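Those protein sequence lines, which keep their order, are chains A and B. Residues in the first sequence are numbered consecutively from 1, following this note's numbering. Residues in the second sequence are numbered consecutively from 315, following this note's numbering.
What the simulated footprint calls covered on chain A by chain B, stretch by stretch (three residues with Cβ under 8 angstroms from a Cβ of chain B suffice, anywhere in the stretch; the number is not a length): (1) 83-91; (2) 101-107; (3) 182-196.
Now the in silico label distances, taken between C-beta atoms and shown as ranges: (4) 353/B / 136/A: 27 to 33 angstroms; (5) 562/B / 67/A: 51 to 57 angstroms; (6) 125/A / 356/B: 35 to 41 angstroms.
Honestly, the hints are just simulated from the structure, not real lab data. Predicted model, so just to flag it, every value in this text is computed and none were measured. Just so you know, even glycine gets a beta-carbon here, dropped at the ideal spot from N, CA and C.
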Amino acid sequence: MSDPRIVFDNVSRFYGEVLGVNRVNLAIPPGITSLVGPNGSGKTTLMNLMTGLIHPTRGSVTILGIPTGRPEELFRKMGYCTQFDAFPKGLTGYQFIYSFLLVHGMVESEAVRLTEEALERVSMTAAAGRPVAAYSKGMRQRIKLAQAIAHRPTVLVLDEPLNGLDPMARNETIALFKQWGGEGRHVIVSSHILHEVDRISDQVILLSHGYVVAEGQIHDVRSEVKDQPMQILVRCDKPGVLAARLFEKDNVVEAKVNSDGRGLLVRTRDADNLYLMLNRIVLDSGLDVDAVAPADDDVNSVYQYLIGGEGGTT
Amino acid sequence: MAVFKHAYKGYEGALTPAWSRFLILPRYAFAEKRRSRFFSLFFLVSILAPLIFALLIYVQHSLSAMKLLQIGSSNLITVNAAFFMNLLGWQSMMTLFLAAFVGPGQISPDLANNALPLYLSRPFSRAEYVLGKMSVLLILMSIMTWIPGLLLFILQASLEGNGWFGQNLRIAGAIFLGSWIWILFLSLLSLALSAWVKWKPMAGGLLFGSFFVAAGFGGAINAILRTSWGNLINISHLIGTVWTSLFERPMHRGSGAFFFRVHGGDVPTWCCWMALVLICAGCLYLLSHKIRGAEVVR
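From just these sequences and the hints, can you work out the full model?
Encoded structure:
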């Protein structure tokens with residue numbers, strides 16, 4: 001069986017003397033993977049390397065075991081949606097999908113079938129006969145997605161696919177990503193919209209200045225950020241009592257009672273130990289606990305801790 | 315790692331041969347051109363000359379037509395290499411206008427709209443992209459140059475008989491080869507300029523400029539330095555010299571081939587060949603530099 005992962009093996013890419021990405025080692029499993037980082041961090045370079053549109057200065061990239069230098073095999077498995085509005089002049093939505101399927105090598109009858117299938121998946125069947133130039137931003141984004149999925153690829157590389165979408169279209173698109181990811185495909189998404197990245201991603205890759213700062217499932221990444229105490233929100237009836245008991249322990253850095261008097265935000269260096277302690281305190285003090293949840297176990301917090309406020313949108 | 319249910323199925327249907335995929339590009343380009351009235355009119359005008367030349371050949375061989383038009387045998391035009399060279403010269407000049415009209419619209423809109431990744435993120439190479447775009451020009455220019463040229467040659471051979479075909483086979487070769495040299499050169503130049511400036515009107519203007527301004531500059535070099543080497547940047551001179559060697563006939567001033575007349579001077583033919591090859595190499599370099607899936611921002 002071929003390798004089901006996307007593998008970057010010590011990949012560097014320089015543009016002359018300008019760094020694109022440097023010494024990237026990744027093994028991306030199927031599911032939804034988000035590339036997160038500020039402008040110029042190397043997200044698009046990484047995507048261009050995956051799609052073989054640029055080649056590494058050093059190292060190698062393989063997609064499901066296929067080197068990116070073999071386009072005939074690679075692009076049977078891969079669909080790419082650029083961040084730019086890129087449409088040949090004068091085509092309708094239908095012609096746009098259909099013509100690129102022909103370029104892809106599909107015979108005409110199959111191209112017709114796949115075009116209709118792709119249009120239906122992005123809910124663009126009704127507007128397919130209109131020129132792309134007359135589409136709204138959201139419709140253009142969806143027709144771009146349709147051309148990326150039309151040939152039924154296993155790997156989808158989508159550069160800023162949520163840009164310009166209204167909330168309804170955004171929800172529909174996210175649902176599509178989840179469906180594709182759930183089917184065992186690779187869905188590689190770059191986005192600035194961190195709370196949505198959080199909603200959809202099985203794993204994230206954080207980039208800054210051309211380097212991979214962190215990668216993996218967001219919970220694992222967060223637990224690796226040792227220098228930033230973990231924030232845990234405990235909803236309970238006696239937050240003051242809880243705070244007093246917690247301060248008896250060394251690893252609690254800060255505890256803040258919520259303004260509604262029904263919760264306590266705790267910052268700790270050892271979350272696992274805190275959860276154990278909490279069990280004991282609840283039993284000893286007879287607290288009525290409604291909920292316990294990490295408050296900064298998300299992409300936005302990890303982004304802030306590792307990269308800082310360099311441009312993520314929340 | 316998460317466990318996924320593989321509910322999707324990749325495409326397993328039939329595929330077209332890889333070599334044929336570049337032909338999708340001209341298909342859409344022709345559909346777009348058909349919508350242009352100006353283009354249709356221009357194309358009709360461009361076949362007038364071959365029709366007139368065909369008429370001349372016919373009249374030449376029809377006593378009744380000569381009688382009707384009251385033409386004496388002394389007034390007849392001789393159908394020889396010069397005759398076909400004139401046709402080729404006239405038609406090639408028309409293709410220059412065609413290239414200025416059609417050529418810049420091939421690549422520059424894709425570059426301006428960042429559409430190249432759409433093509434190149436398929437099993438479709440940069441060379442196939444250029445070939446696809448170029449084939450639009452190659453097909454249109456062929457219809458205007460060597461195809462009517464050879465049809466007229468066959469018409470003349472069939473009407474003349476008496477071994478005319480065999481005796482003048484070189485003319486057919488010169489029409490075919492001369493046309494293709496011009497077509498390939500002009501297509502490459504117009505695509506390279508289109509890729510370079512990314513703006514259609516500017517690319518069209520530059521195409522004309524590369525002929526007329528360079529010719530003027532070459533003439534100035536010749537006049538100031540009292541030399542003939544300035545002709546090496548005069549494209550019509552280069553092509554004219556190459557055609558002269560192919561047809562083994564001098565280009566006549568005032569004929570249909572006036573645009574390609576050789577302005578005297580003694581630049582060796584091989585130098586003209588080399589100059590054409592160098593310009594084509596420059597165009598290929600420009601295209602390979604500009605046609606990329608991802609723009610390299612330095």
